[in-house]
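Those sequence lines, one after another, are chains A and G. All residue numbers for the first sequence refer to my numbering, where the first residue is 1 and numbers rise by one. All residue numbers for the second sequence refer to my numbering, where the first residue is 1 and numbers rise by one.
Treat the hints as calculated values from the structure; they're not laboratory data. This structure is a prediction, so every number in the text was calculated from the model and none was measured. Nothing false has been slipped in among the hints.
So the derived label-pair ranges between C-beta atoms look like this: (1) R120/G <-> N149/A: 41 to 47 Å; (2) A225/A <-> K124/G: 45 to 51 Å; (3) H228/A <-> A197/G: 48 to 54 Å.
The C-beta atom is built at its ideal place from N, Cα and C for all residues, glycine as well.
Each chain is listed here by its residues.
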Amino acid sequence: MRTTAAQQPESLESSIDEIVAKLAEVDVDGRVRETAAAAFPETRGAFLRRALVGAGAGALGLAAVSRASAGGGLTKNDVAILRFDLALEYLQAGLYTEAERLGALTAKTLDWARVVGAHERAHAKAIKNLLGRKAVPSPAFNYGDVSSNERAFIKTAVAFEDLTSALLKWQAPRLDSRSILAAVVTLHSVETRHAAWIRHQVGLSPVTTAFDKPASQASMARLIASTHFVAARTRTARKKRAPRYTG
Amino acid sequence: MSGTYGETTPGTRRDLLRRGVVAGGLALGVGAFLGLRPDRASPAPSKALDAKIFDFALLLEYLQAGFYGEAVQHGALRGEVRDFAEVVAGHERAHVAYLRKALGAKAREQPSFNFGAATRDERKFVDAAVLLENIGVAAYNGQAAKLTKPALAAAAQIVSVEGRHAAWISDIAGRPPAPRAADPGDSAAQVTAALRATGFLRG
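All chains, full assembly: derive it from the sequences and hints.
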């Protein structure tokens, strides 16, 4: 086997700190959590659970859920990677869900946003479960006109899907837990499908190379920063939050 | 195998339900179906195991490269389907070359295939392409956690491209390019059975 050695996770902590600090700084108004909750209402959730049990959830090893979803036993490194991914899934789910709600894009793009939005919400929920108590809540996002402007939406969606796929490739060899890795790879190929799909839909080449290269968390953090989607905390919100830290 | 690897009824209620069930499964915890592969259940990654897995992947890549190569050669495809076959044939040949180089002398030789009408009839070609690309994604995803980190890094670059191929040909065919929120991995036995079911493998 002559494969190049995976690089050590250089400056992994600092790039995560950068994004988590930015996300944690902002006020949590629950907008994305609300949309996520709307996507998984109690009744539908109960139905799905029944459906899953009917589909042989026993064979799927439901007993493993509590074990895997507790977030216990995860290394600090894996928690950091999963938290980064969770923040990213919140951000994407929020954008696509808002686009779907506003309905201002072309029918084809809205169809993409509807399907992919549901996937990203499911991904966020799954990663939250993997993290258990170590999960972080969603920050508030401000998508500006990106959720209602066709050109801006497509440009952003292509960038995010391509880079998310590349990011998961960067993270995969850096995960400590093989169970978590097995989970993340099932999301990875779906992100690449999203990227190829939106590219094809807008006349871009769906696949430009025989080997898709990885991209670091630092590059994703740069993309997120460039969008200004992570809303700045307002003066009012800061005042409202203050008592929580003085008592 | 079309129920597993190729969505034959796009946009139907059943399809939506299936998507929903998968989303529900994810909501319950990816750990549920990943619990099938706990850390201690599979053998520890090693170079020897990498070689076994890569040699298995090589069979799949030979088959894909042979399929697209023959389809291009026959010249029966038109328009974007033909573009797809030409571009993807090049990628699959690159994957074969990569795996052969990584395996060195241990690499298996290319078997002979019988693609029948699938490389001459556009409709059959599209069906088979969707199937083969989806099998590719499931095959790599099923082995990922068993690979050493350097081998995993390489396999991730390949499966990503298989996923793009799958989405592209599915969109051309008017089928859901990303039918599920997660692409579960398949075992080597499942993949072998799926490949045998195509009838493309001789013997």
